[in-house]
Each structure stands twice: as C-alpha cells, then as structure tokens.
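*Asks:* The residues making up each chain are set out below.
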Amino acid sequence: MDLLGYGAFFLTTALIFSLVTLGLNLQWGLTGLFNVGVAGFVAIGAYTSALLTTPDDAARLGGFGLPILVGWLGAMLVGGVAAAITGIATLRLRSDYLAITTFGVAVVVQLVALNAQKLTGGPFGIGFIPRPFGGLAETPLLFNLSNLAIVFVMTLIVYLALEHLSRSPWGRVLNALREDERAAISLGKSARFYRVQAFGVGGAIMALAGALQAHFTGFIAPDNYLPALTFQVWVMLIVGGAGSNIGAVIGSILVWAIWAGSGALTSVLFSPEQQARAASLQIVAIGVMLCVILLVRPNGLFGDRPRRARFGKGAKAAPDESAAR
Amino acid sequence: MNLQFVVDGLLAGSMIGLGAIGVTLTYSILRFSNFAHGDFMAWGAYATLAVVGAIGAMFGKIAPIAPLSFGWPLIAALIIGMAVTGLLALALDLVLFARLRAKGQAIIVVMASFGASMALRSLLEFIFTSRPTYFSRAIQIAMPVGFGIRITPDQIALLLLTAVLVLGVHLLMTRTQTGRSMQALSQNAALARIVGIDVAKVVRVTWLISAALACVAGVMIGILIQIRPFMGFEMLLPMFAAAILGGIGSVPGAVLGGVIIGMAEAGAVQLIGAEWRAAVSFVILMAVLFVRPVGLFGVRER
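Protein chains in written order, with the working numbering: chain A, 2 to 326; chain B, 323 to 624.
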C-alpha cells in the first residue's frame, strides 16, 4: 500500500514536470525558441494561483479565496502574458538575446518572490494553498491517487491539444518557420507574430504546471524555483527528444526517476552532514549527462526530425536573415 | 545622496566589465553567449585561493605588502589562477564547445554552456562546500578622500589593475596582428578564413583572454566581498547586460557598459535597497533591447 502511494506521488510530480517540458517543447522543439527562464514562468504560475485562491491573509496582498479553477486559469493568463511580453521584446533580435532575457526574467521573478513580502510572502513563501481533494487528506492513498488522476487528466488534455496544434495549420507554420524561415516569410507568414504566440502559449503551459504543483503541495517558497529547475526541465526535453510531445512526457518521467533514484541513493550512502555536497554531485552528473547527450545523440529518444537553428552557423547560408525579417 | 556610490559603482563596474569583455569576445568571435562564463570567475577565484593556500603551506606566513590586505603570494597565485582558468576554458572548448560548433548549431552550444555552467558550479560546491571563504579576514580602514567618499588601499589597487588590464586588452585588440585577426573573425568569419587567418589560434587566444580576465574579476570579488560557488553565476546577468549595452564585440563598450551598470546598481542600492540590486541589470538590458539593440558601440550584424 505504501509503495502504491509513493508510486502515485512520484508519478504526480513526474507528470507535472511533463507539463513544463511540454510547454518548453512548444517553445524550443516546435518553434526553436530558447528559454533559459523556465523556472521563472513556473514560479509566476504558482504564485498567481496561490494569490488568487488562498484565504485572506493580513500579512500580504490578497488571498482572494477564489475557486481553484480560477487560480489555474489566472496562472495561465499571467504566465502567457509574461512570456508574450518577453517574446515581443526579444524575438526581433538574435536568438541569444531571447536566452539572455529569459534568464533575466527568472532572476527577477526569483528576486520578487524573495523580496516583495507584501505580494509573495518573501522567503517564507505562501502556505495554506487549497488542495483539490483536501478533504481526503486523512487517507493518504486516496488523496495521492486523486491528485494523480487530476494531474494526469490535465497533462492528457495539454498533450492532446498540443498534438492537435502541431498538426494544425498553425503548427505547420511554426514548423515551416523553424525549418526555413525565409520560405515561410515569403509565403506571407509573420515570423515574429507566430513566434510570440508560441512563446506565450508555452509560457502559459509552464505557469499551469507551476499552479498544479502549488495546489498539490499546498505550500510554495522561492527556493522551489531556482535555476536548477530550468536545468532539469531542459535535460528532460533533450533526453526525450526535442520536437516530440510524447518524448517530452517520457523524458520527464525517465529523468525524474533518475533524479529521485539518485537522490534516494545519496541519502542512503552519505551521512546527513554530507547530504548537501552529495546533492551538488547529483547536479554535476546531470549536467555532464546533458552535455554528453548533446554530443552523442542530440535528438534524444524520440526526436528524429531534422533540426535547424534559427540563426547562427546552421543558418549561415542566409546570413542576412536577421535583417530580412 | 551620498557620493560613495561612485566608488562602489566603479568597483562593481570593474568586476562586471572585466567579465563582460570575455562575454563580448566569445559572443562576437565564437558566436555564442557563454552561460558558463560566470563560473570561470568562480573557478578562477577558487584556483587562486588554492594556490595561495599552497604557497602559505610552503613558505609559512608571509606579511602583506604595507597598506594592502594581501602580499606577493596572492599576486603570484592570481597569475597561476589566470593560467588555470585559461586551461579550463581550453579544455572545455576541446571536449564540448568545439565539437558542437563543428555541427553548426549555435544555439545548441548555448545550451551546452548552460549545462556546463551547472556542472562546473556544482562541482565547486562539492569540493569546497557552499560556505563562503575569504582571501583575508583582515578589515581595512577606508580612507576619506573628500566629498564624503571613502576608499580602501585594496580598492585603489584593484581599480588600477583593472585600468591596466583594460588598456592592455584594448592595445592587443587594436595594435597586434592577433588582435586584428580576432576582429576580422568577428566581423566576417568566411572572409577571415579565406585570407588565411589561423582560426584555431584565434579561438585559443579568445578563450585564454576571456578566462584570464574572468579569473581576475573573480579574485577581485574574492578580495572585496567573498568567495562562493555561486559568485560567478550571480554576475552572469550584469555581464550579459553590460556586453549588450556596450555593443557586442566592443571591448571598450563592454567596460563602459560594466561601469554604467555598476554605477546604476550602486545608486539603486542607496535609493531603493540592496535586495533589488540584481533587477537593475535586467531593467537596463530590457531598455537597451527596446531602444538600441546594437548597444552603444555596436555595429549592425552583417
């Protein structure tokens, strides 16, 4: 029974990661937009939903006590708008600038989470976030299973929507822009407009995942959204294979299994005072793994489609691409 | 408003500027934004710290040079540290970046640098733990120099060092054949190859300069503030912002951008509060991207 409960808990977390990875896959895998601020958009979603749904709290703004569903929709809206603004600012420039800006977004979100006590509760975070099946909390197994069910359904909806989108005319334009920007533009498609949309939708999915996670654990703090999260999600996508939605889901479950497994292993092998050091070794291993996959099997497990970078050497045949937009 | 922010800003600007030179060189010559650059700083600082420790073990306690907080061991260790950081960059290029560059996908290289950054930083955390350390625990008395400004001897020495290094890199870039080759490669890589420029050598020199300057910046942070595994990663955003503000590829631009951001940060610390310091570079970065994406001294990419 315990094992089943743990399995449900593990899968819930893994599926929430899958959602984030699906969002990143829309941005990077399908559209070729590089986002190094994943943790920031996840945090935006978590905090937005927490603000909207928690009971009134005198110590900070709001706690509006709204239904959980409103919180999730709000999270998607705010996350999507934040991503779209980031896109509008940088998508007319070289692709590296988007990377640097998203990195900055994550830094600033972390800063706001830590310092804007009136809004985010500061380093202590926000507690008492309502859980969808809070009434079942006395029977942990049922609680875990119902959480898993709801996260599973949400992931499935997003997955099917994305599969549909990537086959729709909209998805074909994104694909065309990624593979041959000049040809797509010459057919009258506005590259920037489509990219901003894809980036915004991807951000909204990440924010939704953050909101789900917040309502699943009931408590959020700035430490949940460190750059390591961004990094984990990237490894998940690369392992699964950029461009493939099913790859994003399976990559997430696989990498989370490795992560949780090696975490359990280090807690057995190392004494408590050495835990922090062992945890950093875990990150070293994952970092090396990312680099090795990039070198040896850049398409991951499921991503078999040919990829082309937006700009840079891969696009050197069209050196005036950035000027031609 | 207290004028102390001028000195604080210049110092922060020196650290950011020295780092931004490396960012701008790797971006313009190797054509990718190196997210591991901050970690070169941290590795440089820790390497220097380790050498200082080794020298201390070999020669016993050595008195610092009169008004400064450090003696010749740190100076010697800094030079060795610069070499070690340079070798680290070359090694990383050999096993990772060069191979990915050969595949011709610039953005994959950026991603690899992100992974390398994470691994490098966590490795430092593993070896040295995340506890902050210091080159010296001695507290220096700041001398008043008028207008309510105070400065310590260490700070004066480091500002002078920065000025010398920046001048040196500028002369190297403009007056030597190697420097001209670097400029040529950044402006038109294909043409530079055709006229017979030794690309491999230019790449090596670029890494060595970038990493060595990052090491100096890291040691500056170590002398004036403290040494932590995260010290370089936290400098990443200011460095990128400075490189873009100054104009990608421009060494004077990177330094000027660094000083502007350093000053703005120091001013913001006085006016708004130290906890918002990190947001300053983001605001400046966004402003530059909206108003003048090529930066102060940048040229439009051809």
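Since the hints were derived computationally from the structure, they do not count as laboratory data. Glycine included, each C-beta is placed from N, C-alpha and C at the ideal position. Hints may be right or wrong, so weigh each one.
Claimed, not checked - Taking beta-carbon pairs under 8 Å as the criterion, some of the chain A residues facing chain B (in silico):
| no. | residue |
| --- | --- |
| 1 | Leu227 |
| 2 | Leu230 |
| 3 | Phe232 |
To be verified - Where chain B lies over chain A, by a calculated footprint (3+ residues, C-beta under 8 Å):
| no. | region |
| --- | --- |
| 4 | 96-109 |
| 5 | 246-253 |
| 6 | 291-302 |
*Asks:* Take the hints in turn and mark each one as holding or not.
*Replies:* Evaluation of the provided hints:
1. Leu227: Since the shortest Cβ distance to chain B is 10 Å, the answer is violated.
2. Leu230: 11 Å, violated
3. Phe232: Cβ of Phe232(A) sits 5 Å from chain B, so the hint holds.
4. 96-109: Check passed, 11 qualifying residues.
5. 246-253: violated (count 0)
6. 291-302: Three-residue rule met by the region 291-302 of chain A, so holds; n is 5.
Comparing the model with each numbered hint stated earlier shows that hints 1, 2, 5 do not hold.
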